[in-house]
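Sequences listed follow chains A and B, in order.
The opening residue of the first sequence carries number 357 in our numbering; numbering runs sequentially from there.
The opening residue of the second sequence carries number 357 in our numbering; numbering runs sequentially from there.
Careful, some of the hints might be misleading.
Since the list can't tell identical chains apart, any single copy or any two copies may satisfy a pair.
Claimed, not checked - The calculated lysine-lysine pairs, modelled on BS3-like cross-linking and capped at a C-alpha distance of 27 Å, are:
| id | residue 1 | residue 2 |
| --- | --- | --- |
| 1 | K725 | K449 |
| 2 | K667 | K512 |
| 3 | K512 | K449 |
| 4 | K512 | K725 |
| 5 | K865 | K833 |
| 6 | K725 | K765 |
| 7 | K859 | K833 |
| 8 | K667 | K725 |
| 9 | K765 | K667 |
If you're looking for bench data, these hints aren't it; they were derived computationally from the structure.
Number of protein chains: 2
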Amino acid sequence: MTLARVTRSHGRAAVLARLQATSERRRLGNLKIMARDERSVTPQSEDFSAWYNDVVFRADLVDRGPVRGSMVIKPYGYRIWELLQADLDGRIKATGHQNAYFPLLIPQSYMEREAEHVEGFAPELFTVTHAGGKELEEPLVIRPTSETIIGEMMAKWISSHRDLPLLLNQWANVLRWEMRPRMFLRTSEFLWQEGHTAHPTAADATAETMLALGLYQDVAVEAAAMASVPGEKTPGERFAGAERTFTIESMMRDGRALQAGTSHFMGTNFATAFGITYTSESGTAELCHTTSWGMTTRMIGALVMTHGDDKGLVLPPALAPYQVVVVPIGRGEQAAAVSSAAAVLAATLQRAGIRTHVDDRPQLSPGFKFNDWEMRGVPIRLELGPRELAAGTALLSRRLSYRQPDAAKEAIPLERAPDLLAAELAAFQAMLAQRAADFRDDHTVAANSWPEFAAGVAVGWVLALHCGEQACEDEIKTETTATARCIPLAGEPEQGPCIRCGKASAYGKRVIFARAY
Amino acid sequence: MTLARVTRSHGRAAVLARLQATSERRRLGNLKIMARDERSVTPQSEDFSAWYNDVVFRADLVDRGPVRGSMVIKPYGYRIWELLQADLDGRIKATGHQNAYFPLLIPQSYMEREAEHVEGFAPELFTVTHAGGKELEEPLVIRPTSETIIGEMMAKWISSHRDLPLLLNQWANVLRWEMRPRMFLRTSEFLWQEGHTAHPTAADATAETMLALGLYQDVAVEAAAMASVPGEKTPGERFAGAERTFTIESMMRDGRALQAGTSHFMGTNFATAFGITYTSESGTAELCHTTSWGMTTRMIGALVMTHGDDKGLVLPPALAPYQVVVVPIGRGEQAAAVSSAAAVLAATLQRAGIRTHVDDRPQLSPGFKFNDWEMRGVPIRLELGPRELAAGTALLSRRLSYRQPDAAKEAIPLERAPDLLAAELAAFQAMLAQRAADFRDDHTVAANSWPEFAAGVAVGWVLALHCGEQACEDEIKTETTATARCIPLAGEPEQGPCIRCGKASAYGKRVIFARAY
Numbered sequence: 357m358t359l360a361r362v363t364r365s366h367g368r369a370a371v372l373a374r375l376q377a378t379s380e381r382r383r384l385g386n387l388k389i390m391a392r393d394e395r396s397v398t399p400q401s402e403d404f405s406a407w408y409n410d411v412v413f414r415a416d417l418v419d420r421g422p423v424r425g426s427m428v429i430k431p432y433g434y435r436i437w438e439l440l441q442a443d444l445d446g447r448i449k450a451t452g453h454q455n456a457y458f459p460l461l462i463p464q465s466y467m468e469r470e471a472e473h474v475e476g477f478a479p480e481l482f483t484v485t486h487a488g489g490k491e492l493e494e495p496l497v498i499r500p501t502s503e504t505i506i507g508e509m510m511a512k513w514i515s516s517h518r519d520l521p522l523l524l525n526q527w528a529n530v531l532r533w534e535m536r537p538r539m540f541l542r543t544s545e546f547l548w549q550e551g552h553t554a555h556p557t558a559a560d561a562t563a564e565t566m567l568a569l570g571l572y573q574d575v576a577v578e579a580a581a582m583a584s585v586p587g588e589k590t591p592g593e594r595f596a597g598a599e600r601t602f603t604i605e606s607m608m609r610d611g612r613a614l615q616a617g618t619s620h621f622m623g624t625n626f627a628t629a630f631g632i633t634y635t636s637e638s639g640t641a642e643l644c645h646t647t648s649w650g651m652t653t654r655m656i657g658a659l660v661m662t663h664g665d666d667k668g669l670v671l672p673p674a675l676a677p678y679q680v681v682v683v684p685i686g687r688g689e690q691a692a693a694v695s696s697a698a699a700v701l702a703a704t705l706q707r708a709g710i711r712t713h714v715d716d717r718p719q720l721s722p723g724f725k726f727n728d729w730e731m732r733g734v735p736i737r738l739e740l741g742p743r744e745l746a747a748g749t750a751l752l753s754r755r756l757s758y759r760q761p762d763a764a765k766e767a768i769p770l771e772r773a774p775d776l777l778a779a780e781l782a783a784f785q786a787m788l789a790q791r792a793a794d795f796r797d798d799h800t801v802a803a804n805s806w807p808e809f810a811a812g813v814a815v816g817w818v819l820a821l822h823c824g825e826q827a828c829e830d831e832i833k834t835e836t837t838a839t840a841r842c843i844p845l846a847g848e849p850e851q852g853p854c855i856r857c858g859k860a861s862a863y864g865k866r867v868i869f870a871r872a873y
Numbered sequence: 357m358t359l360a361r362v363t364r365s366h367g368r369a370a371v372l373a374r375l376q377a378t379s380e381r382r383r384l385g386n387l388k389i390m391a392r393d394e395r396s397v398t399p400q401s402e403d404f405s406a407w408y409n410d411v412v413f414r415a416d417l418v419d420r421g422p423v424r425g426s427m428v429i430k431p432y433g434y435r436i437w438e439l440l441q442a443d444l445d446g447r448i449k450a451t452g453h454q455n456a457y458f459p460l461l462i463p464q465s466y467m468e469r470e471a472e473h474v475e476g477f478a479p480e481l482f483t484v485t486h487a488g489g490k491e492l493e494e495p496l497v498i499r500p501t502s503e504t505i506i507g508e509m510m511a512k513w514i515s516s517h518r519d520l521p522l523l524l525n526q527w528a529n530v531l532r533w534e535m536r537p538r539m540f541l542r543t544s545e546f547l548w549q550e551g552h553t554a555h556p557t558a559a560d561a562t563a564e565t566m567l568a569l570g571l572y573q574d575v576a577v578e579a580a581a582m583a584s585v586p587g588e589k590t591p592g593e594r595f596a597g598a599e600r601t602f603t604i605e606s607m608m609r610d611g612r613a614l615q616a617g618t619s620h621f622m623g624t625n626f627a628t629a630f631g632i633t634y635t636s637e638s639g640t641a642e643l644c645h646t647t648s649w650g651m652t653t654r655m656i657g658a659l660v661m662t663h664g665d666d667k668g669l670v671l672p673p674a675l676a677p678y679q680v681v682v683v684p685i686g687r688g689e690q691a692a693a694v695s696s697a698a699a700v701l702a703a704t705l706q707r708a709g710i711r712t713h714v715d716d717r718p719q720l721s722p723g724f725k726f727n728d729w730e731m732r733g734v735p736i737r738l739e740l741g742p743r744e745l746a747a748g749t750a751l752l753s754r755r756l757s758y759r760q761p762d763a764a765k766e767a768i769p770l771e772r773a774p775d776l777l778a779a780e781l782a783a784f785q786a787m788l789a790q791r792a793a794d795f796r797d798d799h800t801v802a803a804n805s806w807p808e809f810a811a812g813v814a815v816g817w818v819l820a821l822h823c824g825e826q827a828c829e830d831e832i833k834t835e836t837t838a839t840a841r842c843i844p845l846a847g848e849p850e851q852g853p854c855i856r857c858g859k860a861s862a863y864g865k866r867v868i869f870a871r872a873y
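Next up, chain A with everything else stripped away, as it sits in the complex:
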């Protein structure tokens, strides 16, 4: 430990010595930060990817972690996750699932019991070889997903048909090695929930798979105001070890697709690998049928890319840390009166269940604050100055309007604020959902020729007939970077020649192809 001690005393000396020297630099640094904050983000039309990075950092959602591929979810971003979590957790519990917690570390041998599972996940595993200063007898992997360890416990817990269905869910962190990290979308560690269930029959497990998919679709549409399409993955896009994988695919504002939640029917694959069996009513031993399903913190990235614009983030009220921000405006003698009126207004709104924040930072101008809350995507801003106070009103601005004249600022009577704001927030939520659905529909085409297909996936989604062969899917990807996103559940029956190779189509309906995150 001598080295560490030296480091520490060296560190202390160095830090103390640097302190005075950095003072001046810090002050200049602060000025620079202010200047940068007043600069707008890269326009979406110029470089969507740069826009995304600008927004997630500038809106204070996230920071890069010190280890490559890792992220720190900052309070503003984490609060969005908490709100999403509360919404989804309520739906999971209401459908009879119970939360539990399983170990982070999994014996490496467990991963190997299901052949496709280990094939899929081996390249992404983090391996623990030492603990307590000694080499472990068997290496442990950090969970990339928990089918294996939960399967092992299910085998122990289930003995009779009376133990079924077993409906479990876990909120946890998982790790998958990531070469090309992207905040929220692809990081080595992320947060998620993973549902794991066991059933007596394939029909029951299939029904559960669809139930979970329905929960995700509801969260995506009702809470996140996203335009999601539920469907089934083609065989090449299935979860490693699943018989069938379902997904909700959502359209981002650059026309790409993002997989926002997946639900897997495992058949008896994991039951066989882990010995998950039960005694039927007639006394015979049977294999269970299992499912798993997950939704992750990438939903935060999806929110950003579904609703954001060149001013920054736009948040649906259901998931907005602050639904309303009150900015008091007043100098000198008026400041105190305005400030206390703002506090009263905020307390009134909070009592009505509206998440309200007063921005009373004294050192910042109203204009700076307006930009700041626009960047952070707060749905409604209320300004309160001496003139409004005298009139018993506040000036309301919406972060975004759509398909209606932008009324700019609107005076609302303070005494009716809770009701008016509740209605405004509901309208804002509905407006975002409609806007996302319209955008998706405007950027989705049914293609019947290869040029149509290629043009379509360059800007959005394409509905096309496909032969269902992997080699053909791979060719399409090579040429256009687009992949088969899903076979939409709601698709009309249709058959014909494959859009690429002309062979007879598979699946009995059109497939959505798109470039994807």
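With chain A's structure known, arrange chain B on it following the hints.
What follows is chain B alone, placed relative to chain A:
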């Protein structure tokens, strides 16, 4: 992956072959489980440790994980954690802290920057050496606690005095290698929250340390109905890297102490190691003063050992997954009427905010159910049979009574059930808290001689004067296995000879000594 494929097909063949053979064994196994379930747990008086193990497994709180030292928190145990979490999280947020999420994996070099910190934690670290199939350039450790990685980020985020205080909290899993695992109390992985804050002055950071300690004391007393004593740790029991460590020590029913939450004042130790500095109003650069504080899933073990008895668990209503269980009793034609009345009663209680469960398992006898819910510690049981139904009543039984005649079963009118039950639950919560406080007081003595001391720590806590020297504390531990638990905040000023060595006492007041978990 060929090996895995072989394993899989082998597994499938083996499992299918075993299925028929195991059917008969399974049925016999079920009978054995029933028989075991009807056996009572090891009495506390016979072997407290065996009693604890019997209860945590039989009450379905937890299971052993496949890796040595790991645990699986089962739904019933996890629900207790969720209730505790919601209570504590509300208090943490109400005092201005914000949740965030930091990476699980920490560069090994970070741990080494604070000398005492690495000395304390090095023997407990899990090390990741490989990821994505390659050896990492620098090994990563799985967080045993997050001062280092959060310190690194704080240094980046804090520049001006306006950024202070920075009040963060994280809900997360942490891993510490554990040689002698004990469910909830000592496992290699556990869940916790860790608060991390930065302040301009030592006084502010000290106030924060005490504020967090107060939150823990409130949760322990108000939610967990525990008898906790807030105090300061002696130097030998401080957190690795802290200037001062505070604790709430709680008495278990075997007279041992359990540290139920700790709060640390770090001074400038971590600020120096990570360069957490700020520019003051006058423009000078200064070091921050930091704190950290944590409460963990060991609280579930503490609940078990504070309130449990020879019938099993006893849960305070504030943290009980089910506060009331309704057992419908009726056969044949009466069954349907009783069962639907039970459902109506449960719905009425749930609407009144009372967590209620109807045990309508058809294959089990009322007697079995009564034992089962007693084992699981449900505060109030309601029986509903044809006779009660006709009279418009239910039979109420309390899981435990204390200092009042045990009224056994009591008929309550159904129409007043919500109000009566709410009052019963409040009384039950208060009764448990009073019982725990009385038990603690009855098992705490002030010792003024070594024989008194030795006799006292054999059965409970001892208040004694101590010289404050580590060698003397070590001697006491060797001879009695008791350690210095804390210097109680509320202790009266007192000085005199050390209970062990006779030298002049330190700390200006008595110290609590006890055997501890």
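* **Structure versus earlier hints, numbers of those that do not hold, lowest first** => none
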